[in-house]
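In the order they appear, the protein sequences are chains A and B. If you read the first sequence in our numbering, its first letter stands for residue 1, the second for the next number, and so on. If you read the second sequence in our numbering, its first letter stands for residue 1001, the second for the next number, and so on.
Simulated from the structure, these hints should not be mistaken for laboratory data. Backbone N, C-alpha and C fix where the C-beta goes; we use that ideal spot for every residue, glycine too. Keep in mind that a hint or two might mislead.
[Unchecked claim] Reference excerpt, derived from the structure (chain B facing chain A, CB under 7 Å, subset only):
#1 1172
#2 1175
#3 1212
[Said to hold, decoys possible] Computed footprint of chain B on chain A, listed as stretches where at least three residues anywhere in the stretch have a Cβ under 8 Å from a Cβ of chain B:
#4 22-34
#5 41-48
#6 67-81
#7 153-166
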Amino acid sequence: MKPLYALYSDGHAAQKAVDGLRRAGFADNEITVITGEPMEDFEFSHIGHRNPLWYVASGGGLLGLLGSTWLTTFTEKDWPINVGNMATVAWYPNLIVIFEMTMLGAILATVVTLIITGGLARRRPAFYDPEVTNGKIFVGVEKPREGSMPDVEKALLTTPGVSLKTI
Amino acid sequence: MSQSSNRLTSDLLHPLLNTSWRFYTLVVLLASVVAAGLISWAVQMWFGFGVTGIKWPIYWGFFITDFVFWIGISHAGTLISAILRLVNAGWRRPVTRCAEVITAFALMIGGLFPIIHLGKPWLFFWLMPYPSSRLIWPNFRSPLVWDFFAISTYLTGSLLFLFLPMIPDFAIVRDHTTGLRRKIYGLLALGWRGTTSQWHRLETAMQIMAIAIIPVAVSVHTIVSFDFSMAPTPMWHSAIFGPYFVAGAIFSGIAGLIIAMATLRKFLHLEAYLHPIHFENLGKLLLTMSLLWAYFTFNERITVWYGNGVSEINTFLVTQKGTFAPLFWLMVVVNFVIPVIILGIKRFRTITGCVIASFGVCVGMWLERFLIVVPSLGNKFLPYSWSYYRPRPTEILITTATFAAMILLYTLFAKFVPIISIWEMKAGEHPAPQLYPKTEAEHALGEVHA
């Protein structure tokens, strides 16, 4: 089945189309809504709001913390240097390095996860229409189920003057 | 698409798609100054430090002053932007990117100075934590190694914090251009579409980055202050140096941001986006930091004066009444007296007023760094090590070139990237969380956030 979408000039029409698709039995993860900016005043903008970024960032921070703790303590034990009678493993200065690496771990984990789970790092977007950056709202179904095309068409054409498009 | 939205896109893409002769002239001029600075650096590498005014016992002259100054300027961007993002201040939208860019470039320039100051810059990798061929590991108890970790973390974080919100704007430019430009911006846009899940992930990522970057920003300048306060040198070995440096950094950073914004407003005709209220708000922030700076300076000075230690009071008097007194009192005037008068009186808190005060603060904060570095090194505990510092053309040229480099990098950035975030400006037209309409039916995954 070929992908199908329509472009809407305002959020109300797009919301109608999304609700129509839901009524036709499509789950939110089957509906693609693309906008030029986050439109938080519309319900459809909350599709797919769950993401693992907070957990991953915490994990990245933990990894940075453990890695830097190992690096500093291992280094100081492996090649002990007497610096002004400080302890061989000097926690006060080590904490500085550990803090920085913890934060770096959290930052890098966040960015890598954003790129992977956000479907970025692709050269050309697949199911997309450049008119989105001119303010249009894209609502469509990338993989319509067998026999569902009439329902998709009906849902997308709820607003007068809208035409169906495909990739 | 609304008319205002249309105008916004075309206004903000205008500098990217149209180039005037003024742009090329400015780039050539600035590039010439940068080239002069690079030649000076090459001369210094070839002939050694003898061509500079740096000599025993004042090994930290202009270069370390510049280092601290630029790291301070870098605090404008990411820190202010992160705080404004976290508190969801609506007026941040046109300001954040202008600010974040300052951080990225100021850090790059600031980070160069320890390398310039090495004399043999090709050995800079000795600072990195790796087991060297001489079987000596880097000493994690050295403030210079802390600098390496702090600055590289802050630079990485700031570059990513700057880059992430640029992705949707790169997509806008990709869709409005053709040919090679389209290809380049297409690569930078990383295949961005703008699905609802991408927007959520981007905004969550920005929140996490903002939370992570604030303590990192504070730590960076605290660690830079440790380069001084860990040393038993008169007027350096002070517990107040951490917060004093952080406050000074934010102070100079805001001043740098005001100057950058006013310049962009004037030359890129962004009057419709950078309003007087933005300058007034930043002006108030600058006034607050001026008062805080005066408070810290007073604290630092009174402790030394009251303690009356022989070497400390000597350094104190040199700055207060001696050779460095003109610089010290100029610093007080431009960092405190002028900002309080201009920014404290509402009538003067105009764009011009804010810019005048900011120029003063930039000069004053550079002088503050100079007055921390040089008088203390020239007036140590024993009189045999007393000396003076006279900068030579080499370091003056290199210093001047870094200012030109900053303006050049900023100009080029504003030429190739929308300097005001287009999507964030448009997002301001869709305030959350009032939803329209309420969901009409039960559905599998959709959720309503009241």
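Outcome of the hint check:
| no. | hint | result |
| --- | --- | --- |
| 1 | 1172 | 5 Å, holds |
| 2 | 1175 | 4 Å, holds |
| 3 | 1212 | 5 Å, holds |
| 4 | 22-34 | holds (count 8) |
| 5 | 41-48 | holds (count 8) |
| 6 | 67-81 | holds (count 7) |
| 7 | 153-166 | violated (count 0) |
Going through the hint list in order, the structure does not satisfy hint 7, though it satisfies all others.
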